[in-house]
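With chain C held as given, fit chain W onto it using these hints.
Protein sequences, first through last, are from chains C and W. Its first residue numbered 21, the first sequence is counted upward by one per residue in our numbering. Its first residue numbered 22, the second sequence is counted upward by one per residue in our numbering.
Quick caveat, the hints were computed from the structure, so don't treat them as lab data. Mixed in with the good hints there might be a few duds.
Claimed, not checked - Using 30 Å as the maximum straight-line C-alpha spacing, the simulated BS3-like pairs for lysine-lysine come out as follows:
no.	chain 1	residue 1	chain 2	residue 2
1	W	Lys201	C	Lys24
2	W	Lys141	C	Lys24
3	W	Lys97	W	Lys244
4	W	Lys236	W	Lys31
5	C	Lys435	W	Lys244
6	C	Lys34	W	Lys31
7	W	Lys244	W	Lys154
8	C	Lys435	W	Lys141
9	C	Lys435	W	Lys26
10	W	Lys97	C	Lys435
11	W	Lys244	W	Lys232
12	W	Lys97	W	Lys141
13	W	Lys97	W	Lys154
14	W	Lys201	W	Lys26
Unchecked claim - Coverage of chain W stretches by chain C, computed from C-beta distances (three or more under 8 Å per stretch; other residues unrestricted):
no.	region
15	97-107
16	196-205
Quick reminder that beta carbons are idealized off the backbone N, C-alpha and C, glycines included.
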Amino acid sequence: MLPKLAWRNIFRQKRRTVLTLMTMTGGFVLSSLSIGWMNGSYSSIILFFTNNRTGQIQVHHEGYLADQSIYSTIDNFEQVGSILDSLPDVRTWAPRIYTGALLALRPAGQSSNVFSSSAAASVIGIDPTREQEATGFSAQILEGEMLTVSDADTSLSSTGQILLGKELAITLEASVGDSLILLSQTANGAVADKRYVVVGTVSTGNTQIDRRTSYITLLDAQNLFALEGEAHEIAVLSRNLDEVDDLTATISGRLSGRNLETDSWKVFAKEFYNGMKADESSLEVMIFIIVLVAAMGVLNTVLMMVLERRREFGVMKAMGTRPGFIVRMIMLEANIMGFISILLGSIISTAGLLFLSKHGIVLDPPLDYGGAVFREMIASISPDCYWIPAICVMLTATIVSWIPALNAAHTEPAKALRTV
Amino acid sequence: MTNEKIIEAKGVIKTYDDSGVPVHAVRGIDYTLMRGEFTAIIGPSGSGKTTFLNVITGLDTPTEGEVWLSGRLLSKMSGNELSDFRRDHIGFVFQAYNLFPVLTVEENVEYIMLLQGVPKEERHSRVMSILEKVGLDDYAQRLPSRLSGGQQQRVAVARAMVSEPSLVIADEPTANLDSKTSGSLLDLMRQLNEDTGMTFLFSTHDEIVMKRAKKLVVLTDGKLDENNPPEEYE
Chain C
21 MLPKLAWRNI FRQKRRTVLT LMTMTGGFVL SSLSIGWMNG SYSSIILFFT NNRTGQIQVH
81 HEGYLADQSI YSTIDNFEQV GSILDSLPDV RTWAPRIYTG ALLALRPAGQ SSNVFSSSAA
141 ASVIGIDPTR EQEATGFSAQ ILEGEMLTVS DADTSLSSTG QILLGKELAI TLEASVGDSL
201 ILLSQTANGA VADKRYVVVG TVSTGNTQID RRTSYITLLD AQNLFALEGE AHEIAVLSRN
261 LDEVDDLTAT ISGRLSGRNL ETDSWKVFAK EFYNGMKADE SSLEVMIFII VLVAAMGVLN
321 TVLMMVLERR REFGVMKAMG TRPGFIVRMI MLEANIMGFI SILLGSIIST AGLLFLSKHG
381 IVLDPPLDYG GAVFREMIAS ISPDCYWIPA ICVMLTATIV SWIPALNAAH TEPAKALRTV
Chain W
22 MTNEKIIEAK GVIKTYDDSG VPVHAVRGID YTLMRGEFTA IIGPSGSGKT TFLNVITGLD
82 TPTEGEVWLS GRLLSKMSGN ELSDFRRDHI GFVFQAYNLF PVLTVEENVE YIMLLQGVPK
142 EERHSRVMSI LEKVGLDDYA QRLPSRLSGG QQQRVAVARA MVSEPSLVIA DEPTANLDSK
202 TSGSLLDLMR QLNEDTGMTF LFSTHDEIVM KRAKKLVVLT DGKLDENNPP EEYE
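Next comes chain C alone, as it looks inside the complex (with noise of 0.2 Å):
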């Protein structure tokens, strides 16, 4: 009987039933587009940052993010990558020195010591074949070519291959053809110079990075800063975004005794990942205001619904039904619409997230964020999408009716009886 006449009590204002529906189905609708297309946002941020510079995973001598010292290197990093080989759901790594130097410009048909400009910057050693697998560096190269992987230009009297971050080359006043020398210490104390040829120009999109990094081959770093067979670090590009965490884990458990430590993107990148986190907190306040406005609705309904059958509650009342029953009737009729919005509003949002991630919509003027700067937004789908919103419009039916729902209940018999 409960389910029978909250069904039917639902049906006998159609018009302020549809509006209702409307209104709980758009704030649904409203809510999971906001998800998805955030949802989506953030994952092409995340993917953007993570595959084009710094892998979703990074394995260290333990110690090294707090304190990254030249010494602290990884022993044997073969052997760590072929352990990450092993694993299904690392999709690839690439092992890095990291490490400071001093760039002298030698402008072409000058002599040996005269230098035009110089810089402090970082030197980064990357193994071309893999970052070029893992991240796509060359994809990155405004001018020039990648660097080539050579045993000669290992050799620390030849001359080497460097490429500079875009704005590093102009504070050089370096172009593709010059060479340079690079000055800075050894990991045993002597000093590293070598002269190197610039074979290219680097955008990476962030410009603070573009203005302070070069880069060398990883072989030519080993030699140079006496590293032979060492890395600093191994980044690491998972399969799966979603399976970062248990994929770290795993990695932690199979290298572990080895004095390394191995890091999600949300710790070594944790500026990066707190500033999602913030977004993440703009996502629930603008979702909590949709949620806000259709309660109001709801609320009006309710309210209005209780009001015109103030005199039928009466009757209940007298015929001796519960006031307990009163309550879960209303709070069932809610709900019902509640439910109705859920399925309509899956419908929708489907549809709309289906649309949105397939063509996205164009951001004019392009989004900077964190200097990876971002044309496209698209949509992703997910479960997040339709539990998050579903739950929001049930718990929002239910509260917003338990207040009438209560009112009605005590509804005095005679004094409902006496009114028109």
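Chain W only, in chain C's frame:
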């Protein structure tokens, strides 16, 4: 009629507050209703008939005095106990029918039995039996909006009596009906009273009801009229 008291009111007073002005609707009534009575409380509009009925059935609380229903003091009952008592012992017929518009005739009539937890088969047979008695068995699947006023009131009577309560309270049951319909409805209730011993208490100023009542109680200005003591007709 037996010697069992269905209702006993002692010194019942009901005063309303109408925007700060006290309205003395019932001014101290001592009254006893015995099982099996077919009694009409009569009096002009505003004499306190409906208020008195509400107070003695627990639909309203008295400002002063005591009401005993089948030996139980109303003021000592909790909300749920009072609801259950009304559900199991009192049937109501209202002036404005007050059927549930979303339920069919059959569903309206079976509503109280659903609250009582009567099994489906029994509910159905009792509903059809009472609808047959009120001449509406062919209308069981209709919504109230598709019935005439007289038919709706007959459904209301069927609803009040289907669970065989010990007391039926009817507040101005014929106010919206023509004389012919009123007469047949009253005849039906009187017949049920005689067949089953069910107690009926009406409030009315309709002569058709007065003529069929076995006992008349006159209410004037919220008091039992001492100049017109209860009369019994058999």
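Against the structure, the hints come out as follows:
1. Lys201/W x Lys24/C: It is violated: about 36 Å lies between the C-alpha atoms, which goes past 30 Å.
2. Lys141/W x Lys24/C: The given pair, whose Cα atoms are some 15 Å apart, holds under the 30 Å limit.
3. Lys97/W x Lys244/W: Status holds; Cα separation ~25 Å.
4. Lys236/W x Lys31/W: Since the Cα atoms of lysine 236/W and lysine 31/W sit roughly 20 Å apart, the hinted pair holds (cutoff 30 Å).
5. Lys435/C x Lys244/W: 21 Å, holds
6. Lys34/C x Lys31/W: 49 Å, violated
7. Lys244/W x Lys154/W: 37 Å, violated
8. Lys435/C x Lys141/W: 33 Å, violated
9. Lys435/C x Lys26/W: Since the Cα atoms of lysine 435/C and lysine 26/W sit roughly 27 Å apart, the hinted pair holds (cutoff 30 Å).
10. Lys97/W x Lys435/C: Satisfied, since the Cα-Cα distance of roughly 21 Å is no more than 30 Å.
11. Lys244/W x Lys232/W: 22 Å, holds
12. Lys97/W x Lys141/W: With a Cα-Cα distance of about 34 Å, the restraint between lysine 97/W and lysine 141/W is violated, given a limit of 30 Å.
13. Lys97/W x Lys154/W: 37 Å, violated
14. Lys201/W x Lys26/W: Roughly 33 Å between the alpha carbons, so the hint for lysine 201/W and lysine 26/W is violated.
15. 97-107: Holds, because 6 residues of the region 97-107 of chain W bring their Cβ atoms closer than 8 Å to Cβ atoms of chain C.
16. 196-205: violated (count 0)
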